[in-house]
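**Q** These protein sequence lines are chains A and B, in that order. Mapped onto my numbering, the consecutive letters of the first sequence carry residue numbers 139 to 479. Mapped onto my numbering, the consecutive letters of the second sequence carry residue numbers 390 to 848.
Wrong hints could be hidden among the right ones.
[Unchecked claim] With a straight-line Cα cutoff of 35 Å, these simulated DSBU-like cross-link-like pairs (lysine-lysine) come out:
no.	chain 1	residue 1	chain 2	residue 2
1	B	K474	A	K274
2	A	K363	A	K217
3	A	K282	B	K474
4	A	K406	A	K217
5	A	K273	B	K474
What the hints contain is simulated information worked out from the structure, not anything from laboratory work. If you're wondering where the values come from, they're calculated on a predicted model, not measured in any experiment.
Now for the letters of each chain:
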Amino acid sequence: MNTFLAAALAGAAMAVSVGGAQAQTGGLLATIKSKGVLTCGVGPGLAGFGIPDQAGNWTGLDVDLCRALSAAIFNDPTKIKFIPLSSKDRFTALQSGEVDLLSRTTTWTMSRDTSLGLNFAGVNYYDGQGFMVRKKLGVDSAIKLAGASICTEQGTTTELNVADYFRSNKLKYEVVAFASSVETIAAYESGRCDAYTTDSSGLYAQRLKLAVPADHIVLPDIISKEPLGPVVRHGDDNWFDVVKWTHNAMLNAEELGVTKANLDEMLKSENPEIKRLLGTEGKFGEAIGLTNDWAVRIIKHVGNYGESFERNVGMASQLKIARGLNALWTKGGLQYAAPIR
Amino acid sequence: MTDATIENAPYAFVRKETLPQESPPLSVAGPLAWIRANLFSGPVNSLMTLVCVYIVVTSVPDLVRFYLIDAVWSGANRDACLADKVGRPVGACWAYIADRFQYFIYGSYPIPQRWRVNIVFAMFALGIVWLLWDRMPLKKVGFFFFFVLLPISAYLLLLGGPAAEGFLRTLLILTFALMAIYLVLSFVPGLARFWIGPAFLAVEEALPPWKRFYRVKRLILLSLVVLGVIAILADSAGLPRVDTGLWGGMVVTFLISAVGIVFSLPLGVMLALGRRSRLPIIQFLSVVFIEFVRGVPLITVLFMANTMLPLFVPQEYSPDRLLRPLVGVALFAAAYMAEVIRGGLQAIPKGQYEGAMSLGLGYWSMMRLIILPQALRIVIPGIVNTFIGLFKDSTLVTIVGIFDFLRTIEATLVDPTWATPTTRATGYAFAAVFYFLCCWGMSRYSIAVEQRLAAGQRR
Numbered sequence: 139m140n141t142f143l144a145a146a147l148a149g150a151a152m153a154v155s156v157g158g159a160q161a162q163t164g165g166l167l168a169t170i171k172s173k174g175v176l177t178c179g180v181g182p183g184l185a186g187f188g189i190p191d192q193a194g195n196w197t198g199l200d201v202d203l204c205r206a207l208s209a210a211i212f213n214d215p216t217k218i219k220f221i222p223l224s225s226k227d228r229f230t231a232l233q234s235g236e237v238d239l240l241s242r243t244t245t246w247t248m249s250r251d252t253s254l255g256l257n258f259a260g261v262n263y264y265d266g267q268g269f270m271v272r273k274k275l276g277v278d279s280a281i282k283l284a285g286a287s288i289c290t291e292q293g294t295t296t297e298l299n300v301a302d303y304f305r306s307n308k309l310k311y312e313v314v315a316f317a318s319s320v321e322t323i324a325a326y327e328s329g330r331c332d333a334y335t336t337d338s339s340g341l342y343a344q345r346l347k348l349a350v351p352a353d354h355i356v357l358p359d360i361i362s363k364e365p366l367g368p369v370v371r372h373g374d375d376n377w378f379d380v381v382k383w384t385h386n387a388m389l390n391a392e393e394l395g396v397t398k399a400n401l402d403e404m405l406k407s408e409n410p411e412i413k414r415l416l417g418t419e420g421k422f423g424e425a426i427g428l429t430n431d432w433a434v435r436i437i438k439h440v441g442n443y444g445e446s447f448e449r450n451v452g453m454a455s456q457l458k459i460a461r462g463l464n465a466l467w468t469k470g471g472l473q474y475a476a477p478i479r
Numbered sequence: 390m391t392d393a394t395i396e397n398a399p400y401a402f403v404r405k406e407t408l409p410q411e412s413p414p415l416s417v418a419g420p421l422a423w424i425r426a427n428l429f430s431g432p433v434n435s436l437m438t439l440v441c442v443y444i445v446v447t448s449v450p451d452l453v454r455f456y457l458i459d460a461v462w463s464g465a466n467r468d469a470c471l472a473d474k475v476g477r478p479v480g481a482c483w484a485y486i487a488d489r490f491q492y493f494i495y496g497s498y499p500i501p502q503r504w505r506v507n508i509v510f511a512m513f514a515l516g517i518v519w520l521l522w523d524r525m526p527l528k529k530v531g532f533f534f535f536f537v538l539l540p541i542s543a544y545l546l547l548l549g550g551p552a553a554e555g556f557l558r559t560l561l562i563l564t565f566a567l568m569a570i571y572l573v574l575s576f577v578p579g580l581a582r583f584w585i586g587p588a589f590l591a592v593e594e595a596l597p598p599w600k601r602f603y604r605v606k607r608l609i610l611l612s613l614v615v616l617g618v619i620a621i622l623a624d625s626a627g628l629p630r631v632d633t634g635l636w637g638g639m640v641v642t643f644l645i646s647a648v649g650i651v652f653s654l655p656l657g658v659m660l661a662l663g664r665r666s667r668l669p670i671i672q673f674l675s676v677v678f679i680e681f682v683r684g685v686p687l688i689t690v691l692f693m694a695n696t697m698l699p700l701f702v703p704q705e706y707s708p709d710r711l712l713r714p715l716v717g718v719a720l721f722a723a724a725y726m727a728e729v730i731r732g733g734l735q736a737i738p739k740g741q742y743e744g745a746m747s748l749g750l751g752y753w754s755m756m757r758l759i760i761l762p763q764a765l766r767i768v769i770p771g772i773v774n775t776f777i778g779l780f781k782d783s784t785l786v787t788i789v790g791i792f793d794f795l796r797t798i799e800a801t802l803v804d805p806t807w808a809t810p811t812t813r814a815t816g817y818a819f820a821a822v823f824y825f826l827c828c829w830g831m832s833r834y835s836i837a838v839e840q841r842l843a844a845g846q847r848r
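Pulled out of the complex, with its shape left as it was, chain A reads as follows (with noise of 0.2 Å):
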């Protein structure tokens, strides 16, 4: 008895001084590898990101991330318990340990990264807010909306944006704000304003539900910044490093173009940055408390970055997503991973 009122008020101790609470215990990483279980704290469904299918698995983009970290830690990547998180309650979730990460469309920002205790441990979607307008008003850029009405949605960000928008372009417009995303796309299907401005990911979702989506186009420009990504409790660097090399990993394999399908070749390459990755060199796994073969694992049962992306959210997807932004930096993109070495 006195062993478990000390246990449960040092617990108690440790997890209301967020962060640390682990760094005594041997670390996440220890305590998930002997749960064998990694706790993923997903959104509540966001198509393309995260989502349930048909027989209840969850798939998505986000998704992805936590299965590629169940894989390199357990070479399976089904051991994961997802936990859906509203909007709400993802950071109390998270900083209370009863998530081990958090991948749902989180937006990197200063204040979330400081002063709440967390590490966004890499960007694995950059989004942005863009608009949607009908094809027959014959609009290609966003600075020809010159007096358009915009629906969008009331007391959120996206609201703020376009005023900043417009504002700073000195144009003329209106909005029609809504109080939930259904009404707002109604609304602009029927007609009430031009164009409609949401995240430009959640625009190709909603899109889908139009009568005729073919009618409407997605403007190319992006008017704000919405680097998403995954997130961790501060207190844990070691678990931190896991989280962000497996997205590197996953981006380094993109880059070298090592995919699911040519995986086994690849272990025979001589190129040394490939055997690097693939743990044939070195032993970059074990330094983070991983296998040698850890990226081996993610690409097996997961793939590259490149192959989730299209699977998820891109053209093999309802979704049809161009690479925009989220490309490599070696093709014009923004995603650029720090070389293992």
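Given the coordinates of chain A, work out where chain B should sit on it, guided by the hints.
**A** Same frame as chain A, now just chain B:
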């Protein structure tokens, strides 16, 4: 002089034969009279009838066309429900419901393990029919089945894993031990005198051995059969642990409602008795609990349980994410139930209490035999009202990330595989039908029970 009779009184007007029966006038019987009495009995009613007819005429054809005539019944993905792909106006997309139906029932429960859920569903249905249908025999065995065996089986089957299997083993050994004890007792009943009074023992001893203690023996036998079947299933198919995070859909909706309903009634009775108790501490605690719980919204309770609790309790000791709202919902409903039952207790005249006491009944016997049966009968509408409210409130668990039935529908609405203009209307219509059928069923059953129990009062 002759006697005046009907025959020889020529001027008297006396009917000699019975007139044939005529049908009642149109204004009193027949469809026209029914319409007049029920639909147009006065200017206000006539107006209301016309308004209702207008609403029906304007909305029903459209609804029928949308949900039935123009509806799409089969298809593999959104293309089946897009007007430009099928070349006709498209109404409700029932193909989407058909495609995701399994998900609505089981949530993310692993497909190879879903037979376990089916067994629990079947047992639940059997228990419900056994208890609720008037003509089913052996009500007391049914009671034992529903309130003891079913929860244990549900725990063993739905959750599974090493802990559950260990529990199952312990239970089986226990049941076998009880069986052996009662087998011995059947032949040597004298051994039971430690816990059975001499009068009851004499009754048992008078029976032939196989009939002695049959009330207990049949319960043990039933437990042995149920647990044995589960053990055989566990042995042949295995019961790997299915984490509660994977549970979803109707399973979770029924689980939350059933737990809430089953626990809130006895808890509510205790709280209501406590509130009327003359023992100050018990009364005070009951009042504090009831008033506190009624003073906070259910959402707050759920939010505290699933978002704040983990901050105070270390991870190793923090209860399961599904268990927390289960407890929260049950306690919440219990507070409301307590007030409903207290209303019934207050309606019982003082004479009933005094009569019971004058018979020499103690507090618990008085409550069990005299007061509660009358009080509960009075408040059946209130109790069922609370149950129906609880059933619908179970959808609130979605805000703490639990995928109940409604949430599984909402989760599929964002899925681009079925993103069409009519998917949303279809999904919510399906949810409405499900909730309506459940609530309406509960309400009809309560009316039937009321009528059955009120037979003595009918005037």
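**Q** A separate judgement is required for each hint: does it hold in the structure or not?
**A** Taking the hints in turn, this is what the structure says about them:
1. Simply put, K474 of chain B and K274 of chain A have alpha-carbon atoms about 21 Å apart, close enough for the 35 Å limit, and the pair holds.
2. For the proposed pair K363 of chain A and K217 of chain A, the alpha carbon gap of about 33 Å is at most 35 Å, so the pair holds.
3. Restraint check for K282 of chain A and K474 of chain B: satisfied, since their Cα atoms lie roughly 33 Å apart, inside the 35 Å limit.
4. Note on K406 of chain A and K217 of chain A: the hinted pairing holds, with a Cα-Cα distance of about 29 Å set against a maximum of 35 Å.
5. Note on K273 of chain A and K474 of chain B: the hinted pairing holds, with a Cα-Cα distance of about 20 Å set against a maximum of 35 Å.
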